[in-house]
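Participant: So you can see what is in the structure, the chains are spelled out below.
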Amino acid sequence: MSEPTGVIHDIGYRHYDGVRLGRAHATLALALHSLRGVFGLGRTARAKIIPFLLAGVMMLPAVVSIAIMALIKQEAIGYTTYAVTMQAVLAIFLASQSPYTVAPDLRFRVLPLYLSRPVTLIDYVGAKLAAMVVAMFLLLAVPLTVLFVGELVIDLPGPAHTSAYLTSMAGAVAYAVLLSCLGVAIASFTPRRGLGVASVIAFYLLTSAVSTVVAATLESVNDYTAAAWAWMINPFFLVDAAVQVGLFGAAPSAPTTYPAGAGVAVAILLMLALIALSVTALVLRYRKAAAR
Amino acid sequence: MTILATEGLTRRFPRVTALDQLTVTVGPGVTGLVGANGAGKSTLIKILLGLLEPSAGSAQVLGMDVTTHGAEIRRIVGYMPEHDCLPPDLSATEFTVHMAQMSGLPRTAARERAADVLRHVGLYEERYRAMGGYSTGMKQRVKLAQALVHDPRLVLLDEPTNGLDPQGRDEMLALIRKIGTEFGISVLVTSHLLGELERVCDHVIVIDGGRLLRSSSIAEFTQTTQTVTVEVEEGQEALAARLTELGETVTAHGRMLLVHVRAPETFDTLRDAVCELDLCLVRMEQGRQRIEDVFREPVNV
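Those protein sequences? They're chains A and B, same order as listed. Numbered per full-length UniProt numbering, the first sequence spans residues 1 to 292. Numbered per full-length UniProt numbering, the second sequence spans residues 1 to 301.
One should not assume that every hint holds.
To be verified - Distance condition first, Cα-Cα at most 20 Å in a straight line; then the derived EDC-like pairs of lysine to aspartate or glutamate:
| # | chain 1 | residue 1 | chain 2 | residue 2 |
| --- | --- | --- | --- | --- |
| 1 | B | 139 | B | 94 |
| 2 | A | 48 | B | 94 |
| 3 | B | 139 | B | 89 |
| 4 | A | 288 | B | 94 |
| 5 | B | 139 | B | 82 |
| 6 | A | 48 | B | 53 |
To be verified - Derived coverage of chain B by chain A (criterion: at least 3 residues anywhere in the stretch with Cβ under 8 Å from a Cβ of chain A; other residues may be distant):
| # | segment |
| --- | --- |
| 7 | 95-101 |
| 8 | 143-153 |
| 9 | 211-220 |
If you are wondering where the hints come from, they were derived from the structure by calculation, not from laboratory data. Predicted model, so just to flag it, every value in this text is computed and none were measured. The beta-carbon is built from N, C-alpha and C at its ideal position, and this holds for glycine as well.
Could you put together the complete structure from these sequences and hints?
Facilitator: Here you go:
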């Protein structure tokens, strides 16, 4: 008599006696999970459309620029002006994706499950912020890097723009941190994703409109110093003024010259204050949500 | 061995006192925590997880103090909340793997454990589908799976049978029993219904208004309230009279008769009486003690 083959044995419950890693591992896992989610990976096909479409649009100037460099041996778009030129795309990405990092956990009440595990509230907020910062950085840094590699390969006459590239990378870090903190903090106040998207985009439109109108008015009365400050109401110009121009001496991307000397210090402090304010708001918001 | 112990545990909120001088000890096995809504069950669970500070008193879980060792406790304790907690656009597999990683399991181990646990709770092919389309029964199973995925030593289940149909309820209760016995994981399960917990628990704790009403083993509980409910089509009075004649204690309760069970022979007497009187027996069932009965009983029994 032959033994039956291919039988599924019920081996019963098996205990787990392998390693149990700590908070750091869990926080990293959460950040990676969120980062994948921001680009729609591990989610439905529909969730991938917007992030990949916007990432594609971000690549366009770099690709076109490389084509121009290859064909007529001339530089097209500057590294440090890339973020400011593409600010609408960055803002749309921020508005559409930052609510994803926070809203579903609040709306579907997944937060208590996270908090019943070793991670703390601060770890949770940190992981969510880190995910969004890395996403924004990649969105900006990848086209810049492609552009730089393109420039090196084409080998334009004259020296390579290495310092401009590095300045723009430092700028990309600052943009990613400031924008993500603002976006995630604003989005965290509502558990509804749609409302979060609308709030973040409204914030961007408001700051950019206000800065343009106020600056234009001040310039019409020839108050160029005040106008330079007015441009910095828009967070994109604030980072440009504080980091790219202020710290690294790039040419301003706004149609103005930013305040120099003590003005740079003020701009940097302003940027740091905004980041600190957003993070504080976020932590307070989650303290309240966790106590529910 | 003590799984958890509280000593004079008190928690006050601005307007209510959720827990009032609660002192209980829980051993291994399945323990039921019964109380009406607002009795303090969820507050107790939150304190045991170290998520809420007690206002006074102390609590220990697996020998660790909740106020100082919260993170260590949460590492080896599983928690299934009462409310919905599943993101609809993830599949059960992805979600469970993620939650295993959040408990500190490396990725490969997390995948293995998630597959194992989902099989144990009874989710098969559907675990690859997005959870938004799941039935309540399936959602409850995923919630249970995420509480078990890191192989905890204790699981806290908050109203696991909530919203389930009678069959789903039975399956969930059987699963809870299995966790306590076969899996060797201690269970603390809350419910409004004592009758339900009676079937799976070794020990039951009854709280009301944050106070301990009773804490005893299930045997003691059922001993004091052995009744059998009988429903016949006609001739209820005749049956009552016949049973009283035979020395049984009978009380009429609407269309039903409640018969006190003195000894196993009571069931035989009952059967014989129905046959002799040639009555149509509609129903005969073991009395389910509900939480209200405990409240009506004097506490000192």
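Participant: State for each hint whether it applies.
Facilitator: Verification of the supplied hints:
1. B:139 / B:94: 14 Å, holds
2. A:48 / B:94: 17 Å, holds
3. B:139 / B:89: The hint holds at about 13 Å.
4. A:288 / B:94: Status violated; Cα separation ~28 Å.
5. B:139 / B:82: 12 Å, holds
6. A:48 / B:53: 42 Å, violated
7. 95-101: Per the Cβ count (3), the hint holds.
8. 143-153: holds (count 3)
9. 211-220: violated (count 0)
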